[in-house]
Amino acid sequence: MDRSAGLLPAPSRAGSQPAEPCVEGRRSPSPREQGGDTSFPWNQGPNPSLTDPDWFWDEHIQAKRARVETIIRGMCLSPSPLVLGSARARDSPGCPEKARERKRKQDLPMQQPPLKPGPAGSQGSRKGGPRVREQLHLLKQQLRQLQAHILQMEPRGPAPSPRSAEQRDSCGRQPWAMDSGRLQGSSGDLPGLEEHRVAEVDRQPEEARLLPSGTRALLETLRRELRGAVSQAVDSVLQKEGLNPGHLKKAKLMFFFTRYPSSSLLKAYFPDVQFNRCITSQMIKWFSNFREFYYIQMEKSARQAIADGVTSAKMLVILRDSELFRALNMHYNKGNDFEVPDCFLEVASLTLQEFFRAVSAGKDSDPSWKKPIYKVISKLDSDIPEIFKSSSYPQELLQN
DNA sequence: ATTTGACCTG
DNA sequence: CAGGTCAAAT
Numbered sequence: 001m002d003r004s005a006g007l008l009p010a011p012s013r014a015g016s017q018p019a020e021p022c023v024e025g026r027r028s029p030s031p032r033e034q035g036g037d038t039s040f041p042w043n044q045g046p047n048p049s050l051t052d053p054d055w056f057w058d059e060h061i062q063a064k065r066a067r068v069e070t071i072i073r074g075m076c077l078s079p080s081p082l083v084l085g086s087a088r089a090r091d092s093p094g095c096p097e098k099a100r101e102r103k104r105k106q107d108l109p110m111q112q113p114p115l116k117p118g119p120a121g122s123q124g125s126r127k128g129g130p131r132v133r134e135q136l137h138l139l140k141q142q143l144r145q146l147q148a149h150i151l152q153m154e155p156r157g158p159a160p161s162p163r164s165a166e167q168r169d170s171c172g173r174q175p176w177a178m179d180s181g182r183l184q185g186s187s188g189d190l191p192g193l194e195e196h197r198v199a200e201v202d203r204q205p206e207e208a209r210l211l212p213s214g215t216r217a218l219l220e221t222l223r224r225e226l227r228g229a230v231s232q233a234v235d236s237v238l239q240k241e242g243l244n245p246g247h248l249k250k251a252k253l254m255f256f257f258t259r260y261p262s263s264s265l266l267k268a269y270f271p272d273v274q275f276n277r278c279i280t281s282q283m284i285k286w287f288s289n290f291r292e293f294y295y296i297q298m299e300k301s302a303r304q305a306i307a308d309g310v311t312s313a314k315m316l317v318i319l320r321d322s323e324l325f326r327a328l329n330m331h332y333n334k335g336n337d338f339e340v341p342d343c344f345l346e347v348a349s350l351t352l353q354e355f356f357r358a359v360s361a362g363k364d365s366d367p368s369w370k371k372p373i374y375k376v377i378s379k380l381d382s383d384i385p386e387i388f389k390s391s392s393y394p395q396e397l398l399q400n
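So that you can map any letter, position 299 of the first sequence is 299 in full-length UniProt numbering, and since no number is skipped, the others follow by simple counting.
One should not assume that every hint holds.
To be verified - Straight-line distance between alpha carbons at most 30 Å, and here's what the computed DSBU-like set of lysine-lysine pairs gives: (1) K240 with K300; (2) K252 with K379; (3) K334 with K240; (4) K285 with K240.
To be verified - Restraint-style ranges between C-beta atoms, simulated for each label pair: (5) A148 with I284: 42 to 52 Å; (6) E386 with M315: 28 to 38 Å; (7) S288 with P341: 20 to 30 Å; (8) A307 with E339: 28 to 38 Å; (9) D342 with K389: 18 to 28 Å; (10) N289 with D366: 23 to 33 Å; (11) A307 with E386: 35 to 45 Å; (12) E323 with G362: 38 to 48 Å; (13) D342 with E292: 15 to 25 Å; (14) P367 with I387: 33 to 43 Å.
Derived from the structure by calculation, the hints contain no laboratory data. Beta carbons are placed, not taken as given, at the ideal position from N, Cα and C, and that holds for glycine.
I would like the entire structure built from these sequences, with the hints used as guidance.
What follows is the structure in structure tokens.
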């Protein structure tokens, strides 16, 4: 609520930051950006997906998807139509286009990895915002339905007689006791496995307890498999999927520190985002939009100051109670979740002053009069607090 | 040929 | 904010 004295020390930087004669138009990478010289900042981070070849990750995801698809498909083929109905209902609403068409060459990520025939991958990268949530919901629903379905079928299983349930060692093993064993082949034929199963199955409803051990084991295995598959599907959907509102919010806060983030910096500060062309461009675009608003405000304010009779640029300092601050804070920090750093106010003040000088000197007659200002400002990016890098979303750590 | 930024528009 | 365009830089 109550802010520390907002008065800025009117940094002498204003004088020591003259528009130097930069040879190249492009902004030279700030020293901060390349702190790791040859190595990228994110080399330190525990995110293999960023360092590994893209195809590796894609295959991984594709494997997951394929697995889930298989399971879901199996569910649809089951005697119960319940799943089928909900699954279809999703495709019909928005896109009349055949789902087949989606497998065409990626329309946006043009030349990412050389391969990506993705079974369901191409649609995942699209920004059908709500679609993802629908899918998630669908998956959860399907899981629940399948579980109910299984339980419902259990009693009718292999003629569950109280005896068969007890004499699980009898030679009368059901045909699919074998299948059960095969199914969990991955878990191996551990000696004590049987006991484990029994212990787990015992926690199940009464009906289930009456089933032969083989059946119970199968059910349990199925359940486990399904749970794992759905869980993975949810993860993959939640992640690939693109940027969410949380990311946008974080980006806005980051703008307080950096007006011109490089793509590598963005990658370093959004570990939970899988960057591809689309995502990267979108984020770059965000900052471009941020800048646009920022510069518009600055120019407007500068002209206002001139109209108000301000004579010296040095008199223009953005305080935390100024109108300009209010507008900026509203735009990048709606709700005051975050305390705007002083460094931002300094840069903003300098920007304002630059605009003031330029307009005062009548430079604005030149079509490209803003360019020099941009050049100056682009060199004033600050370091972004580590917290922004570590946490996926500044949901909580925002308070301070 | 690709990326990035400004600018304009909806 | 996302789209698209244009220019500049890689």
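Evaluation of the provided hints:
1. Between K240 and K300 the CA atoms are separated by roughly 40 Å; this puts the pair beyond 30 Å, and the hint is violated.
2. Restraint check: the Cα-Cα separation between K252 and K379 comes to about 19 Å, which is no more than 30 Å; the hinted pair holds.
3. This hinted pair checks out: K334 and K240 have alpha carbons roughly 27 Å apart, not beyond 30 Å.
4. Between K285 and K240 the alpha-carbon distance is near 19 Å, which keeps this suggested pair within the 30 Å criterion.
5. As the Cβ distance of A148 to I284 is approximately 47 Å, the hint placing it in 42 to 52 Å holds.
6. The hint said 28 to 38 Å for the Cβ distance between E386 and M315, and at roughly 36 Å that hint holds.
7. The given range of 20 to 30 Å is respected by S288 and P341, whose C-beta atoms sit roughly 21 Å from each other.
8. The beta-carbon spacing between A307 and E339, approximately 32 Å, falls within the hinted interval of 28 to 38 Å.
9. At about 21 Å, the beta-carbon gap between D342 and K389 stays in the expected band of 18 to 28 Å.
10. A hinted range of 23 to 33 Å for the beta carbons of N289 and D366 is consistent with their spacing of about 25 Å.
11. At roughly 43 Å, the beta-carbon separation of A307 and E386 lies within the given 35 to 45 Å, and the hint holds.
12. For the hinted restraint 38 to 48 Å between E323 and G362, the CB-CB distance of approximately 25 Å leaves it violated.
13. Look at D342 against E292: about 24 Å separates their beta carbons, and that is inside 15 to 25 Å.
14. Range check, P367 to I387: about 41 Å between beta-carbon atoms, so the 33 to 43 Å window is met.
In this structure, the hints that do not hold are numbers 1 and 12, in rising order.
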